[in-house]
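Novice: Here is how the chains run, residue by residue.
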Amino acid sequence: MIQPVKIFKTPEGQLGFEWNDGSRSLFSLHALRCACPCALCVDENSGAPLLDPKTVPRDIQIESLQSVGRYAVGILWSDGHRTGIYPYDLLNHLTETQ
Amino acid sequence: MNEQQILKALEVVMDPDLHKNIVELGFVQNLKITSEGSVSLDLVLTTPACPVRDRFKEQCEKIILSLGATSADVRLSATSKSANHAAMPSGESFLGKVHRIIGVASGKGGVGKSTVTANLGMALSLAGARVGILDADIYGPSMSLMFGIDTAPEVHEDKTITPVSVKGGIEIVSMAMFADSDKATIWRGPMASQMIQNFIHRVRWGELDYLLIDFPPGTGDIQLTLTQNCPISAAVVVTTPQEVALADCRKGLAMFDSVGVPALGIVENMSYFICDGCGKSHNIFRTGGGERIAKSLGVPLLGKVPLEPGVADCGDLGTPVVLRYPNSESARVFVDIAEKVVRSLSILIESEGSVLRNFNLRWEELPEISVEAK
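Protein sequences, first through last, are from chains A and B. No gaps in the numbering here: position 23 of the first sequence is 23 in the numbering used here, and each next residue is one more. Add 98 to the 1-based position in the second sequence for the numbering used here, that's all there is to it.
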């Protein structure tokens, strides 16, 4: 099970995770907000995107990050979006496919 | 004989589970040598229920005496390294002082989760640990019955709850304490989830070594609330030997897997029947189910609890069998399971090392690290 040992930001304003397997993931905040897997952003049944990336502010910020159990991080965004729960394996998978 | 020599000599005492010696693990503290040559030290273990504590004590004392000390005084104590140190996600919570949280679950109902939880709790408590039990089965709470509780917990003005202290010093909170036993709790998911959140965050547990959570059967709303809101260290899954229970047991394990809670192992309940007439063991159901599923899913089988008519009424009478009939086969198996749980949990926590748990970080709080582009 992939889990974070460190969460950090870069001078360029990216969000970074260091995982327990030694690897790292970096995310631009805008891309991460657009990748939100919650039911308001992605249709639960069809998996079709419901969020239009154009409506996400270019300069979106993270207000805070919270652990959700042992498997995910919940992110509070500056646009008021707070339902996104990002499982660690999704985050890890996103870096591989980025 | 000086401190260095003693520490060097004590390095031969290995922790059989963590595969490191007790000096390296930092167990040896407050080492003192008097001018008369008597040596005293504290052996600070990671859990008070450590099954090898007496062996450690004996070994250390022998080693110290062999170095020429006039007397050796090894005091045992424990600091459960808390797995839940950081701030709780949802504001104030009393879980911060709870060192380990163990979920006891099953996919199927009626396999004896509550019996296993009660006896596991009692066995841990008898081994010297501070134990709490959260009965999360909103719709069918049975923990009050298991311990014969008829008092209600105190609810304070700030809506926090003081758990009820029962036999063996175990602290318990159960839905049964809040509802009329003859009335059913007929709630939709959100109400049940709200109650569970109250149980998780508003109960004044105080300092606990182990909090056992008796999960409701199945893999639904409440289970998800528990795994998301509660930093569960590990889970134990209870099953019976029949194929129908095993199929659901797999689902229980899969649920914990998907939320990143490691499974310590499987307990096979009602494994066989010990006849109260002839004392012989009879297999009522197919045998080997627990072994098979443990093998196929790669988790250990922690133990096989028999059906014993002589002790089966313990739960109904309100005293766990471990306390009431400590010499019975059932009690022996539960104590053995508790030991295995303690050992595998400390191995697990040691191996997790610096993994982040229970964080609630504002953006400004994040450390800034520059990473070179790949």
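Hint data in this document are derived by calculation from the structure and do not stem from the laboratory. Predicted model only: the values in this text are computed from it and were never measured. All C-beta atoms in this analysis are idealised placements derived from N, C-alpha and C, irrespective of residue type, glycine included. Incorrect hints may appear among the rest.
[Unchecked claim] If you anchor each label on the Cβ, the simulated ranges turn out as follows:
| # | chain 1 | residue 1 | chain 2 | residue 2 | range |
| --- | --- | --- | --- | --- | --- |
| 1 | B | E101 | A | Q14 | 22 to 28 Å |
| 2 | A | D89 | B | S169 | 36 to 42 Å |
| 3 | B | W285 | A | V5 | 35 to 41 Å |
| 4 | B | S394 | A | V5 | 28 to 34 Å |
| 5 | A | K6 | B | K118 | 38 to 44 Å |
| 6 | A | M1 | B | I467 | 35 to 41 Å |
| 7 | B | P398 | A | D21 | 36 to 42 Å |
| 8 | B | V469 | A | R58 | 19 to 25 Å |
| 9 | A | D21 | B | H254 | 40 to 46 Å |
| 10 | A | E63 | B | L165 | 37 to 43 Å |
| 11 | A | Q14 | B | H254 | 40 to 46 Å |
| 12 | B | V469 | A | P49 | 26 to 32 Å |
| 13 | B | A352 | A | P49 | 43 to 49 Å |
[Unchecked claim] Far from chain A, by Cβ distances over 10 Å, these chain B residues were calculated:
| # | residue |
| --- | --- |
| 14 | K130 |
| 15 | E159 |
| 16 | K195 |
| 17 | G318 |
| 18 | P360 |
| 19 | K402 |
| 20 | S452 |
| 21 | N458 |
| 22 | W461 |
[Stated by the list, open to error] Okay, derived cross-link-like pairs now, DSBU-like style, lysine-lysine, Cα gap no bigger than 35 Å in a straight line:
| # | chain 1 | residue 1 | chain 2 | residue 2 |
| --- | --- | --- | --- | --- |
| 23 | B | K155 | B | K281 |
| 24 | A | K6 | B | K349 |
| 25 | B | K265 | A | K6 |
| 26 | B | K281 | B | K106 |
| 27 | B | K349 | B | K393 |
| 28 | B | K206 | B | K160 |
| 29 | B | K118 | B | K106 |
| 30 | B | K438 | B | K118 |
| 31 | B | K378 | B | K195 |
| 32 | B | K257 | A | K9 |
| 33 | B | K118 | A | K6 |
| 34 | A | K6 | B | K402 |
| 35 | B | K281 | B | K349 |
| 36 | B | K257 | B | K155 |
| 37 | B | K265 | B | K195 |
Novice: Next, verify each hint and record whether it holds.
Specialist: Against the structure, the hints:
no. : hint                          : result
1   : B:E101 with A:Q14: 22 to 28 Å : violated (49 Å)
2   : A:D89 with B:S169: 36 to 42 Å : violated (56 Å)
3   : B:W285 with A:V5: 35 to 41 Å  : holds (39 Å)
4   : B:S394 with A:V5: 28 to 34 Å  : holds (31 Å)
5   : A:K6 with B:K118: 38 to 44 Å  : violated (24 Å)
6   : A:M1 with B:I467: 35 to 41 Å  : violated (24 Å)
7   : B:P398 with A:D21: 36 to 42 Å : violated (24 Å)
8   : B:V469 with A:R58: 19 to 25 Å : holds (22 Å)
9   : A:D21 with B:H254: 40 to 46 Å : holds (45 Å)
10  : A:E63 with B:L165: 37 to 43 Å : violated (59 Å)
11  : A:Q14 with B:H254: 40 to 46 Å : holds (45 Å)
12  : B:V469 with A:P49: 26 to 32 Å : holds (29 Å)
13  : B:A352 with A:P49: 43 to 49 Å : violated (28 Å)
14  : K130                          : holds (37 Å)
15  : E159                          : holds (39 Å)
16  : K195                          : holds (18 Å)
17  : G318                          : holds (15 Å)
18  : P360                          : violated (7 Å)
19  : K402                          : holds (28 Å)
20  : S452                          : violated (5 Å)
21  : N458                          : violated (5 Å)
22  : W461                          : violated (5 Å)
23  : B:K155 with B:K281            : violated (52 Å)
24  : A:K6 with B:K349              : holds (31 Å)
25  : B:K265 with A:K6              : violated (42 Å)
26  : B:K281 with B:K106            : violated (64 Å)
27  : B:K349 with B:K393            : holds (15 Å)
28  : B:K206 with B:K160            : violated (50 Å)
29  : B:K118 with B:K106            : holds (14 Å)
30  : B:K438 with B:K118            : holds (18 Å)
31  : B:K378 with B:K195            : violated (46 Å)
32  : B:K257 with A:K9              : violated (38 Å)
33  : B:K118 with A:K6              : holds (26 Å)
34  : A:K6 with B:K402              : violated (40 Å)
35  : B:K281 with B:K349            : holds (30 Å)
36  : B:K257 with B:K155            : violated (45 Å)
37  : B:K265 with B:K195            : holds (22 Å)
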